[in-house]
Amino acid sequence: AQSVTQLDSQVPVFEEAPVELRCNYSSSVSVYLFWYVQYPNQGLQLLLKYLSGSTLVKGINGFEAEFNKSQTSFHLRKPSVHISDTAEYFCAVSSGGSNYKLTFGKGTLLTVNP
Amino acid sequence: NAGVTQTPKFRVLKTGQSMTLLCAQDMNHEYMYWYRQDPGMGLRLIHYSVGEGTTAKGEVPDGYNVSRLKKQNFLLGLESAAPSQTSVYFCASRDRGGVTEAFFGQGTRLTVV
Numbered sequence: 001a002q003s004v005t006q007l008d009s010q011v012p013v014f015e016e017a018p019v020e021l022r023c024n025y026s027s028s029v030s031v032y033l034f035w036y037v038q039y040p041n042q043g044l045q046l047l048l049k050y051l052s053g054s055t056l057v058k059g060i061n062g063f064e065a066e067f068n069k070s071q072t073s074f075h076l077r078k079p080s081v082h083i084s085d086t087a088e089y090f091c092a093v094s095s096g097g098s099n100y101k102l103t104f105g106k107g108t109l110l111t112v113n114p
Numbered sequence: 115n116a117g118v119t120q121t122p123k124f125r126v127l128k129t130g131q132s133m134t135l136l137c138a139q140d141m142n143h144e145y146m147y148w149y150r151q152d153p154g155m156g157l158r159l160i161h162y163s164v165g166e167g168t169t170a171k172g173e174v175p176d177g178y179n180v181s182r183l184k185k186q187n188f189l190l191g192l193e194s195a196a197p198s199q200t201s202v203y204f205c206a207s208r209d210r211g212g213v214t215e216a217f218f219g220q221g222t223r224l225t226v227v
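Line order of the protein sequences matches chains A and B.
According to the working numbering, the first sequence is numbered sequentially starting from 1.
According to the working numbering, the second sequence is numbered sequentially starting from 115.
One should not assume that every hint holds.
Covered stretches of chain B, as calculated for chain A (at least 3 residues, CB under 8 angstroms) [claimed, not checked]: (1) 145-156; (2) 159-165; (3) 187-198.
Listed next, with one range per pair, are the computed distances between beta-carbon atoms [to be verified]: (4) Asn41(A) x Gly130(B): 25 to 31 angstroms; (5) Glu16(A) x Gln186(B): 19 to 25 angstroms; (6) Gln131(B) x Glu15(A): 44 to 50 angstroms; (7) Ser26(A) x Val213(B): 17 to 23 angstroms; (8) Lys69(A) x Gly167(B): 34 to 40 angstroms; (9) Thr55(A) x Leu183(B): 41 to 47 angstroms; (10) Gln42(A) x Gln131(B): 23 to 29 angstroms; (11) Pro79(A) x Gly154(B): 24 to 30 angstroms; (12) Lys185(B) x Glu15(A): 42 to 48 angstroms; (13) Lys58(A) x Met141(B): 23 to 29 angstroms.
If you're looking for bench data, these hints aren't it; they were derived computationally from the structure.
C-beta atoms are modelled at their ideal positions from N, C-alpha and C, and glycine is treated no differently.
Whenever a hint applies, use it, and build me the whole structure from the sequences.
Here it is in structure tokens:
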């Protein structure tokens, strides 16, 4: 079975500071990994995804994530955050065996303060 | 460019009432999902469908039923609503294969009193 653990439920940072949101996954087969963002009272939208190839993936709004197979991690980073990045971020995994299932972590609330 | 549309957006039900949430997608996706979102719990899969006429249980299926009579629609039913079903419900669709991302609707905020 596949699962996702987001290690921090809340991350407060100041504007223009760097941020890292942590995500670990477990799966016995090859994985596809996703980060989604949810702004208040909205649905989820895709930030970036890792399918194969380069382990550093770039997404929208200046976010990037690095796939680390040995550590089973897919951490999300941004070098300088803005107030508008305040949102909830979800990591998700889809495994090769049961690839119709998309399993989400519990989310990390990023709050950017002025 | 509708994508995934959920109806209704808000609803208040009394305990024991029934209702159906409708999800419609216009991207010809094979897979469709119903999730519920509760504070601190992330998104939990209720039911899903891998094609027209097929449905399967997710991790929290109790108290819900689904149907997918047409490829573009996925209905979630609550036969006898309970306060524990107060939540935000999201529908998502996805093309066949694990490499594709899911597209989400805007959510339905349901309150059961």
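Hints versus structure:
1. 145-156: This one holds; 6 residues, not fewer than the three required, reach chain A with a Cβ under 8 angstroms.
2. 159-165: holds (count 3)
3. 187-198: Coverage by chain A is violated here, the residue count being 0 at a Cβ distance below 8 angstroms.
4. Asn41(A) x Gly130(B): 25 to 31 angstroms: holds, 28 angstroms
5. Glu16(A) x Gln186(B): 19 to 25 angstroms: violated, 44 angstroms
6. Gln131(B) x Glu15(A): 44 to 50 angstroms: Given range 44 to 50 angstroms: holds, Cβ gap about 46 angstroms.
7. Ser26(A) x Val213(B): 17 to 23 angstroms: holds, 19 angstroms
8. Lys69(A) x Gly167(B): 34 to 40 angstroms: Given about 38 angstroms between the Cβ atoms, the range holds.
9. Thr55(A) x Leu183(B): 41 to 47 angstroms: holds, 43 angstroms
10. Gln42(A) x Gln131(B): 23 to 29 angstroms: Holds, at about 27 angstroms.
11. Pro79(A) x Gly154(B): 24 to 30 angstroms: holds, 29 angstroms
12. Lys185(B) x Glu15(A): 42 to 48 angstroms: holds, 45 angstroms
13. Lys58(A) x Met141(B): 23 to 29 angstroms: holds, 24 angstroms
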